[in-house]
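Keeping the supplied structure of chain A fixed, place chains B, C and D upon it in accordance with the hints.
For the protein sequence lines, the chains are A, B, C and D, in the order given. Just so you know, we're using this note's numbering here: the first sequence kicks off at 848 and counts up by one. Just so you know, we're using this note's numbering here: the second sequence kicks off at 848 and counts up by one. Just so you know, we're using this note's numbering here: the third sequence kicks off at 848 and counts up by one. Just so you know, we're using this note's numbering here: the fourth sequence kicks off at 848 and counts up by one.
Hints should not be assumed to be uniformly reliable.
Identical copies look the same in the list; a pair holds intra-copy or inter-copy alike.
Stated by the list, open to error - EDC-like mimics (lysine to aspartate or glutamate), calculated; alpha carbons at most 16 Å apart, straight line: (1) Lys-1066 <-> Glu-897; (2) Lys-971 <-> Glu-1162; (3) Lys-1040 <-> Glu-930; (4) Lys-886 <-> Glu-899; (5) Lys-1106 <-> Asp-1180; (6) Lys-971 <-> Glu-1165; (7) Lys-1106 <-> Glu-1165; (8) Lys-1193 <-> Asp-937; (9) Lys-1040 <-> Glu-899.
Treat the hints as calculated values from the structure; they're not laboratory data. This one's a predicted model, so the numbers in the text were calculated from it and none came from an experiment.
Chain by chain, the residues:
Protein chains: 4
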Amino acid sequence: MGANFRSDNVTGVDPAILQAIADANQGPANAYGGDDCTKGLAAKFADVFETEVTVLPVALGTAANALCLSAVTPPWGAIYAHEKAHVIMDECNAPELYSGGARLIGLPGQHGKFSVDTLATTLKQALRGVHHAKPSAVSLTQLTESGTAYSVDEVKAIGALCRKEGLALHMDGSRLGNAIAGLNCTPAEITWKAGVDLLSFGATKNGAMAAEAIVLFRKDAGLAEALEYRRKRAGHLFSKMRFLSVQLEAYLAGGRWLKNARHANGEAQRLSQGLAAVPGVELLSPVQGNEIFVRMPVPLVEAIEAEGYLLQPWENPEGSRQVIRLVTAFNTDPKAVDGLLAAAAKRRAA
Amino acid sequence: MGANFRSDNVTGVDPAILQAIADANQGPANAYGGDDCTKGLAAKFADVFETEVTVLPVALGTAANALCLSAVTPPWGAIYAHEKAHVIMDECNAPELYSGGARLIGLPGQHGKFSVDTLATTLKQALRGVHHAKPSAVSLTQLTESGTAYSVDEVKAIGALCRKEGLALHMDGSRLGNAIAGLNCTPAEITWKAGVDLLSFGATKNGAMAAEAIVLFRKDAGLAEALEYRRKRAGHLFSKMRFLSVQLEAYLAGGRWLKNARHANGEAQRLSQGLAAVPGVELLSPVQGNEIFVRMPVPLVEAIEAEGYLLQPWENPEGSRQVIRLVTAFNTDPKAVDGLLAAAAKRRAA
Amino acid sequence: MGANFRSDNVTGVDPAILQAIADANQGPANAYGGDDCTKGLAAKFADVFETEVTVLPVALGTAANALCLSAVTPPWGAIYAHEKAHVIMDECNAPELYSGGARLIGLPGQHGKFSVDTLATTLKQALRGVHHAKPSAVSLTQLTESGTAYSVDEVKAIGALCRKEGLALHMDGSRLGNAIAGLNCTPAEITWKAGVDLLSFGATKNGAMAAEAIVLFRKDAGLAEALEYRRKRAGHLFSKMRFLSVQLEAYLAGGRWLKNARHANGEAQRLSQGLAAVPGVELLSPVQGNEIFVRMPVPLVEAIEAEGYLLQPWENPEGSRQVIRLVTAFNTDPKAVDGLLAAAAKRRAA
Amino acid sequence: MGANFRSDNVTGVDPAILQAIADANQGPANAYGGDDCTKGLAAKFADVFETEVTVLPVALGTAANALCLSAVTPPWGAIYAHEKAHVIMDECNAPELYSGGARLIGLPGQHGKFSVDTLATTLKQALRGVHHAKPSAVSLTQLTESGTAYSVDEVKAIGALCRKEGLALHMDGSRLGNAIAGLNCTPAEITWKAGVDLLSFGATKNGAMAAEAIVLFRKDAGLAEALEYRRKRAGHLFSKMRFLSVQLEAYLAGGRWLKNARHANGEAQRLSQGLAAVPGVELLSPVQGNEIFVRMPVPLVEAIEAEGYLLQPWENPEGSRQVIRLVTAFNTDPKAVDGLLAAAAKRRAA
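Bound-form chain A, shown alone (with noise of 0.2 Å):
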């Protein structure tokens, strides 16, 4: 049958939030986010996290995080984050434009994580006083770039270091969902409770058409306003916002965003799992959420690809091996799954 499993990116909306699109589309609303909609959209972030918060809706997550470390680094600043992460490897430059050039510092670690030891003496060998970038913020990615979830206690002492130091710890959760299904836990425990001061709330990978939030949980009125000024001044506060917000509730209601988010899971247990079993193929990194990182031979990618199903080459090929990202999604059918490893046992039968 064939289907595309380069990233979650690639499928359309989910029919719910489409047709929640739909239904906004009744008569005027006022503009730029005073519709009722918007308006209603923190309570409803309230609720989910378990404490009032700030939201800002947005297009997209690289605004959302660009957004979010321009707001708590001073253009003087540094920002840590994982060495691979997509603010630092994906996002052209973002997070310096938004934030008047504020420095990125990559850090080291396995499957996509930093420690907070490593953290810890990163800052502690940074160069302090005017010479230097100050050191004012941390990024942690949920999924990560390798598709792996922060702990609760992985961002809990992240958390907690930061608060020491007096960073602000931003959290990129284009993947939150996917990441909450799979450590479990609650949205509250995996955020502001582990010391997460402000988080780009992913929602477009996971079912909705273009739609992220921008949620404050640190309790600052300075820092909301300057967020609504910076969204202005970058040229992402919609007139139709309400086509924004609806989105994003329907995306809430009813917890649609974490049964997305488990159905994709799921799918990517089966995925991997399947594929691990196939000789010749590596899994790279464990499987926490929607992501799949393999390591396998360069003849069975082609077998794959020539029965249809869409790989996404993650780095250049090493000899006769390539590693590969494999994505599901929220609307991934079961079948496709079935005959990506289908494919894969008949070329390994071959």
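Frame of chain A, contents of chains B, C and D only:
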């Protein structure tokens, strides 16, 4: 019956465009503009503008404007626009952010338009050399902030001056459809044939959900590449781009954008003529698109609003009179125009 | 004899200040301000200004201004200054660079000064909210670009309005010595006692080689730290700082700065009165410091220059008349003033 | 006797340069570089570098570096430098400020130098396209942060790679004189002949008060103009420029810069050879200029400092050992070198 005449961005989405979004929700598609619809957009815009163009969809007009201006102005440059232009008054320093600190210089002029003579005089008087912002670009708004349109000859004269002086010419076409419908010219005549280098092509106000396009007329591969980088770096490159692009596709298809604009303009004509006939109502600028600016007695405003017709106060009240903006849209119900005029007439009779 | 009256920055260095530089060239000293002279500057400025201050030496006035403004204005802020102010007209977008894109808004006003009423009206009319640059700071120039000085009462009134509106008040004191000498007030009275939060304290034009000081009156450790980082980040933290600091030390010592200013002002008075007595010469603004702005017949300009007195044309010629700026300095030779006046008189007699 | 070996920026000014400053204090001169000395600088640098160049004096090395890098890197660009380079470690995000947010990428390499192979590999692995910072420039430091010098062949190889890959090559020549004196090459050979596009030419550390020059080798009028604007916009265009320019003039005159450097290098050789002979002292990098990096026992450090010789701890102590930097200068007294070595020997004897 009541209706909202405050702005064209209080409207929802043209059903045909909403349908196009729904239709696009079929299976996976390459992300970030690798989908077929996005790849086909340049040809569709080329048809409309009768010349090859580079097209970059973005969701918001402020983003389109700031990206365009930043691409043709160095950080030490000066950009000339009407003193009431949206880029000066209503974008919260977005051009400064994107350009890295360029200066916007407001030019006076009646009915929202500056004349080529004003621009010429300003450029002549501008101090030159490294102590002063370098004259670099000009930005015109179609429709202007007074609801008027620059004529083809006016744009041509400004375009010729820009070429002579080495300045880039940008058009903020947030309501370009309405302007073209009012001018009864071709898209080519009012843009590149008149010297426009790059255009913020607006669709949102005229029926899209959230879709604009940067249209680059100047053949300059370096400039096109820079715009691509700038868009990504600013967090405006959509992953599920197809849902942005199909809005533009449907907007152009069969001349929908001009049909929508003609409807809005026609209702604006009816509405403005009706209002102008009401004693005490003063039409402040010619109505050349879908915006009407009038000064009217506060009791009349209140009487109209009491009937459910929402009006936009445009400045602080002046004693017992108030300047009001009324905007019609692609979906303005003619009965709502009739109703508003009836409410005004009733008040008059009273 | 001839002399150069074009500006006070065509002058060399006060011999006492040059001597202080030479005297400082004794053995090694800690770099980056760790030397004794730099460490002692704050106390010396505190004596002069009768209050504790934070002092950061920099070499250039444009740097001092841009650093000050950036420290009290967010990137989405608006800064109000006279429309002819140096920060608006002559610093090539430096405030925009340093602030990350803040907006400068020019206010009209006679003789280079805007009134508190103009500021109040402007602030009242300023659109508020995230769509618009946020009113954040006011910058006054002493002397103004017309050679006048804001009186203590004028600064007080503006300072009171700033506090009420939550705006910071910056003074560009490029010619502060001349202003104080003209006003016959104390440095405290015209600055912090009148509501000034931070000051660009100029020395270069009045005898230093290249030395200015940022003087922070507001007690705000965070602001002081930010200024330290901003100075370094902008490449304005001198390694051999002592040679910058001794200029300031010698400039203040024994009231040299005010003596120098009084000399320059006295010659400016003589020169302006002499010129005003020449038929056809029109004094354009009151002479309250060391700058004179006159309109005079072009043949008179030519006759004076033919005798070797260099004059600064200030605007394009208006028919047969030309606006001229003349600036006296700490080392203006009274005979040069006599000579210029004689040249003017000779022409008149001719 | 005691002496300060912490850095070459703890020194004062070469008396000949101080004299040149005093000599320049004769009468008025045109401001902002319109003086004769500044106008003549380009020819003097052309003599030294055996090619036509554009020269822009500035006072600080951080400014020179940041201006250079910003001129050849777009805001979405990546700049490659050694991971310990001053532009990365010690300039508090100045390159980010000036460039509008470009990214610095640190390369590993022994003794402060990265190899052309490391650069080639890094460029090969660099992700391309709009999601990633665009490889744009390379910055080399002469001397490096380990006191070594890139050889002519090393620079040539890097220069050739840069040209092939379309990257600009910048040299941070903060200690260029020392490097050239050590390499025994011509200024041309180690710069433009080896592929360097633009240079931060340092004078301050080697005898000037505060003077550096941006030297542009690439023939590119647009780039030269941009640098002029950038310098002014950053507040680095001196009004009394002659006092900056005469430092550079005197620095070059009669090869003073190389004589000064040879003196410093000679003393560094003596000092490093003497120290290397002390048991327990480990020389960490070859001494190819005027900087020495050694690891030595803490008691030895203390014994030397007790005799009045100031040393710069370079990293945190490692148990009972400490990394130390010693820097000689144009005016290092040979007796101070003898004295320090005697103090070390005394301790050894004890």
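Evaluated hints:
no.: 1; hint: Lys-1066 <-> Glu-897; result: within (14 Å within a copy, 39 Å between copies)
no.: 2; hint: Lys-971 <-> Glu-1162; result: between (33 Å within a copy, 12 Å between copies)
no.: 3; hint: Lys-1040 <-> Glu-930; result: neither (25 Å within a copy, 36 Å between copies)
no.: 4; hint: Lys-886 <-> Glu-899; result: within (14 Å within a copy, 43 Å between copies)
no.: 5; hint: Lys-1106 <-> Asp-1180; result: within (15 Å within a copy, 41 Å between copies)
no.: 6; hint: Lys-971 <-> Glu-1165; result: between (37 Å within a copy, 14 Å between copies)
no.: 7; hint: Lys-1106 <-> Glu-1165; result: neither (37 Å within a copy, 53 Å between copies)
no.: 8; hint: Lys-1193 <-> Asp-937; result: neither (36 Å within a copy, 58 Å between copies)
no.: 9; hint: Lys-1040 <-> Glu-899; result: within (13 Å within a copy, 43 Å between copies)
Comparing the model with each earlier hint shows violations of hints 3, 7 and 8; every other hint is respected.
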